[in-house]
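Line by line, the protein sequences are chains A and B. The first sequence begins at 59 in my numbering and counts up one residue at a time. The second sequence begins at 45 in my numbering and counts up one residue at a time.
Calculated from the structure, these hints are not laboratory results. Quick caveat: nothing in here was measured; it's all calculated off a predicted structure. Ideal Cβ positions, reconstructed from N, Cα and C, are used throughout, including at glycine. Among the clues, some could well be false.
[To be verified] Every beta carbon over 12 Å from chain B, so not counted as near; a handful from chain A, in silico:
1. 70
2. 91
3. 104
4. 114
5. 146
[Said to hold, decoys possible] Just the calculated beta-carbon pair ranges, DEER-fashion:
6. A/136 / B/194: 46 to 52 Å
7. B/183 / A/108: 53 to 59 Å
8. B/178 / A/89: 32 to 38 Å
9. B/157 / A/131: 35 to 41 Å
10. A/68 / B/121: 23 to 29 Å
Given next are the chains, with one letter for each unit.
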Amino acid sequence: MPIQFQRTDQGDESMLRIAGSLDVLTAPELMPTIDALVEERRPRVVCDLSGLDIIDSSGVAALVALYKRVRAVGGQVVVVGARDQPLAIFKLLRMDKVFSI
Amino acid sequence: MAARPTIRLIVPGTLAHRAVAVRVVAEACRLVSAPGIERTADGAAYDLRHPFDAEFVSAFAEIYNNIAIHAYGRRTDGGEIELAIAVEPGALTVEIRDRGAPFDIGVVSSPDLDSLPEGGMGIHIARALLDEVVYEPGPPNLWRLVKRIAPSAVTTATADASA
Chain A
59 MPIQFQRTDQ GDESMLRIAG SLDVLTAPEL MPTIDALVEE RRPRVVCDLS GLDIIDSSGV
119 AALVALYKRV RAVGGQVVVV GARDQPLAIF KLLRMDKVFS I
Chain B
45 MAARPTIRLI VPGTLAHRAV AVRVVAEACR LVSAPGIERT ADGAAYDLRH PFDAEFVSAF
105 AEIYNNIAIH AYGRRTDGGE IELAIAVEPG ALTVEIRDRG APFDIGVVSS PDLDSLPEGG
165 MGIHIARALL DEVVYEPGPP NLWRLVKRIA PSAVTTATAD ASA
């Protein structure tokens, strides 16, 4: 299952929509986008996961990297729209609180 | 008692073949969570609407990743992964055999979730979502994954089947 992602900037906010499968095979595709968000020191990154069907621990690691790196340069990260399997995995790893889901 | 029906599948032990294995396991899950009920995957997505299916597939995918990445070292010319999937009323057992490097599961500790780890979560996910995760170093190395469906769900499925 492929991944689709799309970044949209509006003012201080960058919306990152991730859909499909975020896993060990597809997570590396996201890294250049994460690098750019960090490099540009975006003040607020909203991760919309309403189109995300399935995630694995590598996908979670990519989101944790996004969260840590954006915060390290003074930005904030919010995750919205997680559902079904991805939401269950976030809860299992207690990341629902970190991501303010 | 009759031998339990077993589905056997052999795939090359690479991440590129993971989707094939996951799809077969997802289909086997349906034989447990919704026996006799045809469900159709919508488009490219796996049908993981039943929590049993979602949890088993999540755990299986982590173990598969572990084998392809660690036991076979991401090689594309490595060995094979053999699956034996046993479907029983209310339970699914998947045995996974590989001939890659064995590892010491005893040294795998639970990740410190408060520190926001970026790795080491795979085995933790599998253990948390399944009833049994057994590893025996080989060759062949053996993973045995077992999950039982909640008793209320089995009762419902049995009632549906006899109706």
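Each hint, compared with the structure:
For residue 70 of chain A, the shortest C-beta to C-beta distance to chain B comes to about 24 Å, beyond the 12 Å cut-off, and the non-interface label holds. Here residue 91 of chain A stays apart from chain B, with its beta-carbon at least about 17 Å from theirs, past the 12 Å limit. For residue 104 of chain A, the requirement that its beta carbon stay farther than 12 Å from each beta carbon of chain B is met, with the minimum near 19 Å. For residue 114 of chain A, the requirement that its beta carbon stay farther than 12 Å from each beta carbon of chain B is not met, with the minimum near 5 Å.
A beta-carbon of chain B is positioned within 12 Å of the beta-carbon of residue 146 of chain A; the least distance is around 6 Å. A hinted range of 46 to 52 Å for the beta carbons of residue 136 of chain A and residue 194 of chain B is inconsistent with their spacing of about 34 Å. Take residue 183 of chain B and residue 108 of chain A: their Cβ atoms lie about 45 Å apart, and the range 53 to 59 Å is violated. Taking 32 to 38 Å as the suggested C-beta distance range, the pair residue 178 of chain B and residue 89 of chain A conforms, at roughly 35 Å.
Separation of residue 157 of chain B from residue 131 of chain A is about 24 Å and departs from the stated range, judged on CB atoms against 35 to 41 Å. A C-beta distance of roughly 48 Å is found between residue 68 of chain A and residue 121 of chain B, which places it outside the suggested range of 23 to 29 Å.
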